[in-house]
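Enquirer: Each chain is listed here by its residues.
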Amino acid sequence: MHVFPGDSIDVPSTSSAVAGIHTTRTTGAISTRAGVLSSGGGDGGRNDIDMDTDRKKTRPHIHVAEQRRYLACTHDSVIGQVIFRGADGYRVDVGSASTANLDALAFEGATKRNKPNLKVGSLVYARISLAHRDMETELECLNPATGKAEGYGELKGGLLADNLNINLCKSLLEKNSSLMNSLMNAFNFPFELATGVNGKVWIGAPSPSQVIAVYRTILRADREGVHVLTEDWFAELDE
Amino acid sequence: MPRKLEVNVNNKEFIINALKDNKRLDGRSLLEARRLELEYGEGLGSVTVKLGESKVMCSVSCTVTSPLPERPYEGQMSISSELSAMAMAHYESGLRGNTAEEEATLNRQLDKAIRRSGMVDREALCIVGGEKVWSIALTLHYMADDGNLVDAGVTACTAALLHFRKPEATVVGGEVTYHPLDERTPVPLAINHTPISFTFAFLDTQDTQDTQGGGDIAVLDPNAIEAQLSDACFMVTTTPQKELLTLNKQGGKVLSVERVLECVGYATERAHTLAKQIHDSVNADLDRRRIGGIV
Chain A
1 MHVFPGDSID
11 VPSTSSAVAG
21 IHTTRTTGAI
31 STRAGVLSSG
41 GGDGGRNDID
51 MDTDRKKTRP
61 HIHVAEQRRY
71 LACTHDSVIG
81 QVIFRGADGY
91 RVDVGSASTA
101 NLDALAFEGA
111 TKRNKPNLKV
121 GSLVYARISL
131 AHRDMETELE
141 CLNPATGKAE
151 GYGELKGGLL
161 ADNLNINLCK
171 SLLEKNSSLM
181 NSLMNAFNFP
191 FELATGVNGK
201 VWIGAPSPSQ
211 VIAVYRTILR
221 ADREGVHVLT
231 EDWFAELDE
Chain B
1 MPRKLEVNVN
11 NKEFIINALK
21 DNKRLDGRSL
31 LEARRLELEY
41 GEGLGSVTVK
51 LGESKVMCSV
61 SCTVTSPLPE
71 RPYEGQMSIS
81 SELSAMAMAH
91 YESGLRGNTA
101 EEEATLNRQL
111 DKAIRRSGMV
121 DREALCIVGG
131 EKVWSIALTL
141 HYMADDGNLV
151 DAGVTACTAA
161 LLHFRKPEAT
171 VVGGEVTYHP
181 LDERTPVPLA
191 INHTPISFTF
201 AFLDTQDTQD
211 TQGGGDIAVL
221 DPNAIEAQLS
231 DACFMVTTTP
241 QKELLTLNKQ
251 GGKVLSVERV
261 LECVGYATER
271 AHTLAKQIHD
281 SVNADLDRRR
291 IGGIV
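Residue numbers (UniProt numbering), protein chains in the order written: chain A, 1 to 239; chain B, 1 to 295.
Calculated from the structure, these hints are not laboratory results.
These numbers come from a predicted model, not from an experiment.
Any given hint might turn out to be false.
[To be verified] With a cut-off of at most 20 Å between alpha-carbon atoms, the simulated EDC-like pairs for lysine to aspartate or glutamate come out as follows: (1) B:23 / A:103; (2) B:4 / A:93; (3) A:119 / B:6; (4) A:148 / A:103; (5) A:119 / A:103; (6) B:112 / B:74; (7) A:119 / B:13; (8) A:156 / B:13; (9) B:23 / A:236; (10) B:20 / A:239; (11) B:249 / B:111; (12) A:156 / B:6; (13) B:12 / A:154; (14) B:12 / A:93; (15) B:23 / A:239; (16) B:20 / B:204.
Start from the sequences, fold in the hints, and give me the full structure.
Expert: Below, the structure written as structure tokens:
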């Protein structure tokens, strides 16, 4: 169902905030964005992009066709760039309206004596531990339940593709992502991706030309859609 | 208002190392420009130029004014452009900060390449000497910025001026009659030459660990990241007849004479092809309009 900002929408009341749906006692649920309302539950269709966790599966949300501006949301995995180094933490740009704080102790095995050493300008893969409209966003580079990094931390080397469509990034995290499938079918070399749902994808591969090949493919899919990634395109890349 | 971020260290190192291998992120070779596309608006003299992801729109309009007292037989020409958040989110309007500075630089470069280079014969814009002249105004809108707005802007101005037609004015006994576009075929401007500009960015490869590469690497038509990483930008404007119109260097890096000559040589070689592409595209669109009966 298409909705516009201000439309009353019929969704079961949720305790946690969902981007695009605003609920008050007097008005009920109101959409704050223009897009397609998905009731959650997972219809398995292409529009249902928030499929990476079971929790999100049941949540209604508004799907906006092309969004590049990121709104911080708790539990999102994001890539940020360190813009300031303070005494007990870092200020990180994740591409949202405000900067985010990353505590120096929010890393695996970090203690007061043994803190990670990130330079200004370096990239971190982190998850958002707190997103609130009146507070600065908080990041962490570990799973607080286990204390393990679980893939989060500084991203070394590689190349960052920036300013991507947020839906494309979310689709990369799906189990059966068409972009991921075509990347894996087309390239016969190992490569790594770190996908931030803030529209950033970090690419690592053994050689620079391989990184460039993956980078250009992701960028092309972002601009023109996954369907343009034909054999012709991969042949062109090889030249 | 998002800030403009420094390029992150990963990309910086990657891009510079790739350049040492003669590779660029978008698959171009070092001295290869991005694909140039021209689109035409509804009216004459309205052109949108796409240079890769950079996009600039230029529209030309004309009015009748009185000439400057010191140049009674010359028409006037002005170029105005404004960088707004439409092109890139970190641009802010108003006369402060870096945006105003960038905007001024851009305007100055366009002014030198188009107006002061004498692309349009200004005496041909005279209607009645000392009394009435045409004033040609070029307005540029930067719609998307992925680097090298200057080249895109110069191309847009050149194409728009070639595409533009002004209404015919006849003078009978000091009485001027302006003929609307549907009454008489509008007349093209008197064009002296076609300015074509080439911008080279110089990236220092010495500050990474590997010093054996040494020196700097020149890339043509830098995109936004390359421009941000560069130490100097060098712009050459020439005509297809290999006349040099302007040279403009920004940034602190010292360029050797050989480097400058290389760039100028490359630009003069390439100008012909690019000018032909612009002329062909403009003529094709004008032909299309004649069939449609507009002109």
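Enquirer: So which of those numbered hints doesn't the model satisfy?
Expert: Number 1 - this is the single hint that the structure violates.
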